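Trainee: Next come the chains, spelled out residue by residue.
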Amino acid sequence: MNEQAMTDPGQPADDIQPLPGGAAPPLPCGAESDELIEQAARGRAGQLTGHQRGCPHCQAALREFSLVWEPVRNLAAEQVPLPAAVRTAVSRQIRELTADAWYTLELADGGAIRIAARVVARIARDAARQVPGARVVFGRSTRPGTAGRAEAATLGHRHPNEAVGVMGRTAVVDLAVTAEYGQDLDAVGRGVQERAIAALRAQAGLNDVMVNVTIGDVAT
Amino acid sequence: MGAEAEDSYLVRRAQEGYLDAYAELVDRHGPLAYRVALRLLGNHHDAEDVAQDALVAAWQQLPGFRANSSFSTWLYRIVTRRALNQVTRTRTAESLDRLGDVATAAGEPARDVERELTVDAVTAAVAALPPPQRVAIVLHHFEGLPNQDIARITGSTVPAVRSHLFRGRRTLTRTLQEWR
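Chains A and B, in that order, give the protein sequences.
For the first sequence, my numbering gives the first residue as 390, with consecutive numbering after it.
For the second sequence, my numbering gives the first residue as 4, with consecutive numbering after it.
Keep in mind that a hint or two might mislead.
[Unchecked claim] Simulated coverage check for chain A against chain B, where a stretch passes if three residues somewhere in it have a Cβ under 8 Å from a Cβ of chain B:
1) 421 to 429
2) 451 to 461
3) 475 to 485
4) 558 to 568
It is worth saying that the hints were derived from the structure and are not from the lab.
The structure displayed is predicted, hence computed values, not measured ones.
Even glycine gets a Cβ: it sits at the ideal position worked out from N, Cα and C.
So that you can see chain A by itself, here it is in the shape it has in the complex (with noise of 0.2 Å):
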């Protein structure tokens, strides 16, 4: 889903067009009938301000407006409980994706989809091999005591000889690097990390991707 659904392109935010079949018009005495609807659906209708407390214009309005935005205030006062059923299909299919604990897992429509982590581990290095400067590299374990909150909560789904912790569509990779000598290792550091990035989400579809760059030796 992208953002630009959630918005109403070629109108501009802050200027309300007409409806079709046309806004409601002022009063009489002049009220914006779309400021009493909202003091009646905010349950307001009661709170008269001075005009209001004089004309009755207003006074109807708002009690008109006030028992047609009564129902939508009840229910949305409703308690609404989460079906059992759903529940239940929550925790059995979040059982299933740590059961899966070294393949990323999509679960498509005609199936599930799995990679294995070595997998992960494979497109992040050579993507990285790709990067100006970065020498050799290879997968190397996050020392616990630097493990970030992603990596922790990966810690588990840790394939034992790949340096790469996946779960869902979820991966997090750790790479050591030997760069040229004379480099910019910022960037070096950087493009490693855009590059392996991209490759993971192109070719294996994983949404939250990090990726752990150690640069450990330089090579003349």
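Based on the hints, put chain B in the right spot on chain A.
Mentor: Showing chain B alone in chain A's frame:
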């Protein structure tokens, strides 16, 4: 410790892979996901699918959740987007037709039947609003969220949210006036 602080603790535990912590988050916020889906989609069947999908997606995306918003705001965003995806898949243009298509069940007390009719009418009228107005009306008038939060959830602006609210209230008022 406030509710949000407890949520953040549960989120941290769930991020560490504790399923029981996430189960507690589902108990607390699952009704929110289902309620919003129900109001946006207007029927229980689609709402159940979307709520389930959103709660599983939230678990999958949890490692990427940052505490710069509350868990509930984050979940509102996930469920709203998924509900709108569902709307675009199955256009509910026929929703308004349901206004005049409510049969009374034999044997029910008259008051219950009247209440059911009213609930159905309001549900159909909300579900018939254009999506941006529907989201604004549901999040503001049903969930009680301020415009700023709605703008954050929808990736929109406060003036745009205000505009959708005005239009949505106007349309809803007109529809329900005609129904009465």
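Trainee: A separate judgement is required for each hint: does it hold in the structure or not?
Mentor: These are the hints, each one checked on the structure:
1. 421 to 429: holds (count 4)
2. 451 to 461: holds (count 7)
3. 475 to 485: holds (count 8)
4. 558 to 568: holds (count 3)
Hint violations for this structure: none, all hints satisfied.
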